[in-house]
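**Q** So you can see what is in the structure, the chains are spelled out below.
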Amino acid sequence: MTTLAPTPGQTVGPFFGFALPYDAGSELVPPTRPDAVRLHGRVLDGHGDPVPDALLELWQPGPDGRVVQRQGSFARDSYTFTGWGRAATDRTGRYRFSTLRPGGTPPYFAITVLARGLLDRLFTRAYLPGTLDDRLPDVPAERRHTIVAEADDRGFVFDIRLQGEDETVFFSYTQD
Amino acid sequence: MDQAAISGEIEAIAEAYQSSGAVETDVRLDYPPYRSSILRHPTKAPHQVDPEGIELWAPVFGHQDVDPFEADLTIQHRGEPLGERMRVTGRVTDGDGRPVRHQLVEIWQANAGGRYIHQRDQHPAALDPNFTGMGRCLTDSDGFYRFTTIKPGPYPWRNHHNAWRPAHIHFSLFGSEFTQRLVTQMYFPGDPLFALDPIYQAITDRAARDRLVATYDHDLTQHEWSLGFRWDVVLTGSHRTPLEEDHAA
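Chain order of the listed sequences is A and B. Basically our numbering = 1-based index in the first sequence + 91. Basically our numbering = 1-based index in the second sequence + 32.
Calculated from the structure, these hints are not laboratory results. Where is the CB? At the ideal position from N, CA and C, for every residue including glycine. Take these hints with a grain of salt, some might be off.
Looking from chain A toward chain B, a few residues come up when the C-beta cut is under 10 Å (computed) [what the hints assert, rightly or not]:
| no. | residue |
| --- | --- |
| 1 | His-138 |
| 2 | Gln-160 |
| 3 | Phe-165 |
| 4 | Leu-191 |
| 5 | Asp-211 |
| 6 | Arg-234 |
The list that follows gives simulated cross-link-like pairs (lysine to any residue, SDA-like), each with its CA atoms no further than 25 Å apart [said to hold, decoys possible]:
| no. | chain 1 | residue 1 | chain 2 | residue 2 |
| --- | --- | --- | --- | --- |
| 7 | B | Lys-76 | A | Val-230 |
| 8 | B | Lys-76 | A | Thr-171 |
| 9 | B | Lys-183 | B | Phe-101 |
| 10 | B | Lys-76 | A | Gly-137 |
All chains should be modelled from the sequences, with the hints used to inform the complete structure.
**A** Here it is in structure tokens:
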């Protein structure tokens, strides 16, 4: 049972660029690795315009479905997969990660979304194509595609719409 | 759009909140006085789920990732930065008061004149060649983080005419689960800009807002060296009883 009141969130603001993104932050594995997959997409606002000042964090299990508990995300050595990465969007609202295909049942990428104008972090899941099945039955049929990545030639595409017609399904978590 | 108009919007929302009788503990995502939030907040309620698999775990950071010197923002250049040197420390716990151990805390901030080193910050205040304004550390085995830095200045922004942010330090924190991730801002006691700021006021509950304000602590202040501020953080989220099978997500 939770007894202490939570510390509230605040926006990441416009000036995180010199502090949070870092070299190789988005490369959980080197893109040249044969089993590397690309997870990429756009972050869009309520008008469908790109959000050039968003920051995404990716957290995922390895291809065998096992959760990785290893340090080294800030000091990539090209061999250690930590399961975690961070990518800022560019001027066109695009982000990209180089990573491994997640395992698990069903497999998904857990994603945290931060942006200027977004007062608190958002959580979402990018399920691999064809794996959501009848899970999450409460998510309406017309919204289910917003949490399923599309396959492309090098991996997966996952757009995040903060608002509007095709607004991405964001998650909150129950507490014991 | 001037401050009076923004303040009027802030007051109207505050009055509606108070008369509703509800108690909010989080910041609102939909808060029109913060203009940039208008097209960037979800309009649908979040989908509530039990965390599962990877969400029951947090990424691990360690001494390979973080150098202990990164906790001191005043020693990153040749000279001393301008401004009031201070220590900021506090304890990170979960909702049951259990410490979040050996976990990453990142901070970033403006310099003493209210200027960020970020290229998009066009505020014509001086850059300080001896201050970058970014630090990180790992919490200790009791959940304590410790930074040495200088007090950031307030700065103008373009939400409305003559808009100024109260002085703050940005904090990024991880818990022991993915669901506990928190990015927020720490403020300083008694700031006259609090009532005027639509980001701070987007937390409609007074007690919840107060949780972002550090406490001056003379016991942390060091003789002829630095002031001391204390700020504790509570990361809620679901709790797990560790089980071996959790490893197979």
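**Q** Between the alpha carbons of Lys-183/B and Phe-101/B, is the straight-line distance 25 Å or under?
**A** This hinted pair holds, its Cα atoms lying about 19 Å apart.
**Q** Given a cut of 10 Å on the nearest C-beta pair, is the interface hint for Arg-234/A held or broken against chain B?
**A** holds, 8 Å
**Q** For the hint on Gln-160/A, just tell me whether its beta-carbon gets within less than 10 Å of chain B.
**A** holds, 5 Å
**Q** Is Lys-76/B within 25 Å of Thr-171/A, Cα to Cα?
**A** Violated, because 38 Å separates the two Cα atoms, which is more than 25 Å.
**Q** Once the shortest beta carbon distance from Phe-165/A to chain B is found, is it less than 10 Å?
**A** Because about 4 Å separates Phe-165/A from the closest Cβ in chain B, which is inside the 10 Å limit, the hint holds.
**Q** Is the hinted pair Lys-76/B and Gly-137/A satisfied, with a Cα-Cα distance of at most 25 Å?
**A** The hint holds at about 12 Å.
**Q** For the restraint on Leu-191/A, tell me whether the closest CB of chain B is nearer than 10 Å.
**A** Interface hint status for Leu-191/A: violated (13 Å vs cutoff 10 Å).
**Q** Asp-211/A was flagged as interface toward chain B. Is the shortest Cβ-Cβ separation under 10 Å?
**A** holds, 5 Å
**Q** Answer holds if the nearest beta-carbon of chain B is closer than 10 Å to that of His-138/A; otherwise answer violated.
**A** holds, 6 Å
**Q** Measure nothing beyond the straight line between the CA atoms of Lys-76/B and Val-230/A; if it is 25 Å or shorter, mark the hint as holding.
**A** holds, 12 Å
Figure legend: structure checked against the earlier numbered hints; hints not met, in rising order: 4 and 8.
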